[in-house]
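Visitor: Chains as they are written, first to last, in the UniProt record's numbering: chain A, 1 to 477; chain B, 1 to 319.
Keep in mind that a hint or two might mislead.
Beta-carbon label-pair distances, calculated as ranges [claimed, not checked]:
| hint | chain 1 | residue 1 | chain 2 | residue 2 | range |
| --- | --- | --- | --- | --- | --- |
| 1 | A | Glu344 | B | Glu19 | 57 to 63 angstroms |
| 2 | B | Leu318 | A | Glu362 | 53 to 59 angstroms |
| 3 | A | Pro9 | B | Thr262 | 22 to 28 angstroms |
| 4 | A | Ala316 | B | Gly249 | 17 to 23 angstroms |
Hints listed in this document are in silico derivations from the structure and should not be mistaken for laboratory results.
What you are looking at is a predicted structure, and each value in this text was computed from that prediction instead of being measured.
Heads up, the beta-carbon is just placed ideally off N, CA and C, and yes, glycines get one too.
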Amino acid sequence: MIFEYAPAPESRSVVDLKPSYGLFVDGEFVDPTDGGSFKSINPASEEVLAEVAEAGAGDVDRAVRAARRAYEQVWGPMPGRDRAKYLFRIARIIQERSRELAVLESLDNGKPIRESRDVDLPLVAAHFFYYAGWADKLPHAGFGPDPQPIGVAAQVIPWNFPLLMLAWKIAPALAAGNTVVLKPAETTPLTALLFAEICQQADLPAGVVNIVTGAGDTGRALVEHADVDKVAFTGSTEVGRAIARSIAGTRKKLTLELGGKAANIVFDDAPVDQAVEGIVNGIFFNQGHVCCAGSRLLIQENVAEQVLESLKRRMAQLRVGDPLDKNTDIGAINSAAQLARIRELSDAGSAEGAERWSPACELPERGFWFAPTIFTGVTQAHRIAREEIFGPVLSVLTFRTPAEAVEKANNTPYGLSAGIWTDKGSRILWMADRLRAGVVWANTFNKFDPTSPFGGYKESGYGREGGRHGLEGYLNV
Amino acid sequence: MTATATSARSDLSELGRSETALRTFLHGLPGVDQVGAEQRAAQLGTRSIKTTAKAQAIDLAIRMVDLTTLEGADTPGKVRALAAKALRPDPADPSCPHVGAVCVYPAMVPYVAEVLRGSAVHLASVATSFPSGQAPLEIKLADVRAAVEAGADEIDMVINRGAFLAGRYQEVYDEIVATRSACGDAHLKVILETGELATYDNVRRASWLAMLAGGDFIKTSTGKVPVAATLPVTLVMLEAVRDFRAATGRQVGVKPAGGIKTTKDAIKYLVMVNETAGADWLDPDWFRFGASSLLNDLLMQRTKLTTGVYAGPDYFTLD
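Just chain A, with the same shape it has in the complex:
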């Protein structure tokens, strides 16, 4: 019998979208001084969701001044236990409004509701709860008896996990006593603006959190602002480098979380069915728009054929389509520009001689879509084995020995994450010691937890987010 799942769309009615949004400065939504704006669209339909203000240099300056005032007069002097109350309150409101936030995230970003509902939102709330707990315990975090905040933090976040990246940035900064000016990505500003409403709902003192929307120019004005004490950026290595250059020689502290080209390494004694799930989760989770995605699959050559056979059978079950359908596994690519980049690199893969395969799948006509794709016969010299694609495209390579697996896994300018699949505990430890990656997952992949530090080696950036370690970037130590 053919069992067709009927459409099961999550209702949009929980989201109350306004036609236009201003900037969130000093506790209020305000119009930008030069009146510029841009549109945020739903990448699954290309429908315009809302018009969003574009912050110019003057607006950024206003936001930074508000943050400075709040830091000096309210938030900085406030006892940690009181800061914690606000953070706990924000975390609870996020939980209460999680359905609304999840639907809005899927609308603006294109990610499947199953992921925004089951992964993004629970992690966002968990992050605020976790750092709320640290706010009055900073003397016990291992950074001295009375660690002090840094001041005003300029934070620039990407479009792949809009609200989760906001949580990773804002929660530790506020817990440590800093105030923030955050710029969400230009294609996904809406959940950050809803978060601003939540700050109002929680009675967070004005100026502690400021949200300035805009594109690259806004971001540049923010990180280069003279009164900013700390810059935190998550995004591409190229932009990260530019930021590092622009603030070199200033007093600003910097943490960067950049690109990745993670190796997911499958040994011949791996639990195969679970490894296949892990491969799928590693590269097709969030359409592959994940900096720590397992985009290079390294399979031990003696089982490569069988693992690939299982992987292809599993990929044929993936459901691509409407992000708001509760049964969708793979949603829309976030933007036309990103789709063009994925296409360019995939075409390069074919041109360089790798073999391309995708399961039969119907893609919607409107919106930005890319079928889940694997390339076999890839070598270390191929562009698709070296450059970050940031899409649902997996490059498959093989290895013969554990030493060769380590060598190939490390042979990349990046070093954000890696995965190991084997039934041998001793081999997991041996590998983890040698892999130059900030996170090494064993018999799982793409698992996140607020208590666990996350960050990269080499061109994947520096500094850690999450855990006790995540406080360091926001303390004057």
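Since chain A is already given, all that's left is putting chain B on it; use the hints.
Guide: Then chain B, alone, in the frame of chain A:
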């Protein structure tokens, strides 16, 4: 998975001839990562099956029910009533399909056979000294023959868990082969009693062992131990039948039994069948639910879908 299976394809029929060969093969099967298997099962459980898909799933689930009573207190009157329900689960709605089978103890088989005669509902009987299986082989085989002679066309046997856990795979294998031959034309369902096997690695090995020995179905549980069917256990068994068919060409059915009480649960299982073994298993010949109270919940949800309102429990028969 296919790795071991493919390489061993030509030898599979020979495996049962030596303890060493069986052990080498079963211990060479890829392991199951417990966390990963449970996560996958939970993820499949989040599928949202609505409207037409739900109606389709409910009717299929009704056709897959092995309507079961296995009590010391079973009487001819009780099992006749159950058999009547199996034929017409919803007397108020003639479009409601009949169930897959009625499942009773061997002593009750003749009474059920009278009611089911001439119908398409199968008659299953648990035999082989169900549920413990702790009796001499000859007695277990006599149990099987008696049930078949009385009219059962499906036999649900229990494996010798003691022998399996002690590593005496040959003994388990030989018992299944002997039972298979005592069944004659009747279908053989092999109950692994996964709650006593405890680990997913054991479930996978026992599944392969039962299939190698000729079982037509592999079944999770007797329903008589605290842990009965679970989604992850069924996932591992569905992977086993999928890989076994890829390796040998022979299709084997799966029957989770015990603890499946609601339509919601049943639909989770059907989604898992669909996305693990595939559409070929979405048929009462290849997938069954060992259950009793499940049927009324299916009927209640079915009525809700057609009429738009929930009817009270008194509108569904209790047997």
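Visitor: With reference to the structure, classify each hint as holding or not holding.
Guide: Hints and how they fare:
no. : hint                                     : in the structure
1   : A:Glu344 to B:Glu19: 57 to 63 angstroms  : 59 angstroms, holds
2   : B:Leu318 to A:Glu362: 53 to 59 angstroms : 47 angstroms, violated
3   : A:Pro9 to B:Thr262: 22 to 28 angstroms   : 24 angstroms, holds
4   : A:Ala316 to B:Gly249: 17 to 23 angstroms : 21 angstroms, holds
Of the hints listed earlier, the one the structure fails to meet is number 2.
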